[in-house]
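S.K.: Heads up: the protein sequence lines correspond to chains A and B, in order. Sequential numbering from 48 applies to the first sequence in my numbering. Sequential numbering from 313 applies to the second sequence in my numbering.
Misleading hints may appear alongside valid ones.
[Unchecked claim] A few chain A residues that don't get close to chain B, going by computed Cβ distances all over 10 Å:
hint, residue
1, Thr95
2, Gly132
3, Lys142
4, Lys159
[What the hints assert, rightly or not] Straight-line C-alpha distance at most 30 Å; calculated DSBU-like pairs for lysine-lysine:
hint, chain 1, residue 1, chain 2, residue 2
5, A, Lys104, B, Lys356
6, A, Lys104, B, Lys374
7, B, Lys374, B, Lys356
8, B, Lys339, B, Lys363
9, A, Lys106, A, Lys117
10, A, Lys106, A, Lys142
11, A, Lys103, A, Lys142
12, B, Lys356, A, Lys117
13, B, Lys363, B, Lys374
14, B, Lys356, A, Lys142
15, A, Lys103, B, Lys383
16, A, Lys117, A, Lys103
17, A, Lys104, A, Lys142
18, B, Lys356, B, Lys383
19, B, Lys363, A, Lys142
20, A, Lys103, B, Lys374
21, B, Lys356, B, Lys339
22, B, Lys339, A, Lys106
23, A, Lys159, A, Lys104
24, A, Lys106, A, Lys159
25, B, Lys383, B, Lys363
26, A, Lys104, B, Lys339
27, A, Lys103, A, Lys159
28, A, Lys104, A, Lys117
29, B, Lys339, B, Lys383
[To be verified] Computed list of chain B residues with no C-beta within reach of chain A, every gap over 10 Å:
hint, residue
30, Pro320
31, Arg334
32, Lys363
33, Gly385
34, Asp398
35, Gly420
Treat the hints as calculated values from the structure; they're not laboratory data. Treat the numbers as computed from the prediction; the structure is a model and nothing was measured. Note that the Cβ used here is the ideal one computed from N, Cα and C, for glycine as well.
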Amino acid sequence: TQLLEQSPQFLSIQEGENLTVYCNSSSVFSSLQWYRQEPGEGPVLLVTVVTGGEVKKLKRLTFQFGDARKDSSLHITAAQPGDTGLYLCAGVPVKAAGNKLTFGGGTRVLVKP
Amino acid sequence: NAGVMQNPRHLVRRRGQEARLRCSPMKGHSHVYWYRQLPEEGLKFMVYLQKENIIDESGMPKERFSAEFPKEGPSILRIQQVVRGDSAAYFCASSPGSRQGAYEQYFGPGTRLTVT
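Next up, chain A with everything else stripped away, as it sits in the complex (with noise of 0.2 Å):
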């Protein structure tokens, strides 16, 4: 089992319509990040959350922090095709050692037009 869990692990939409990514662990985070990778290249940081609780919007994106600092999720508004790609949530345990992050499995998200 991995210490991030991501789900769906699959989300075809059409455009338009909202979908919602989970990223869920017993573990406590330090801080939790989501990246979006598209084939052939690097992921992106999209965002950083760090307080328990905290919320933060990048345009049609809302990203979410869960209290205990253990979930998060990331709500996306009227999806767009460009919107397309692999979600991955990572972040350092509190217990971890060191600044290596450890990944979810994914979300490949595919809106279709």
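Guided by the hints, dock chain B onto chain A, whose structure is given.
M.R.: Just chain B now, kept in the frame of chain A:
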């Protein structure tokens, strides 16, 4: 302000050859991380370096793999005597520091290694 640079983008090696992957961090960043993404798998940490120091190599295979980040020049991930199982995308990331507020990691485009 250039991002993280990696080269080559694609590398083909025959079994038994050596592979050298290079990473130049973002300007002002002194911390470098290497991750590996196997086909259909997630990103896995390999090694964390600062200039001239390996800080954490807990994710790196004990044999054939080595990494360095010299005082001058890019960070190098070296794989000796490559095998087919080494075929993967190797990503480098950099951050300005390791303390809270300065540890966000920015990724390069990756090097896709194919071992034939």
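S.K.: Return the numbers of the hints above that this structure violates; sort them in rising order.
M.R.: 1, 6, 10, 15, 20, 35
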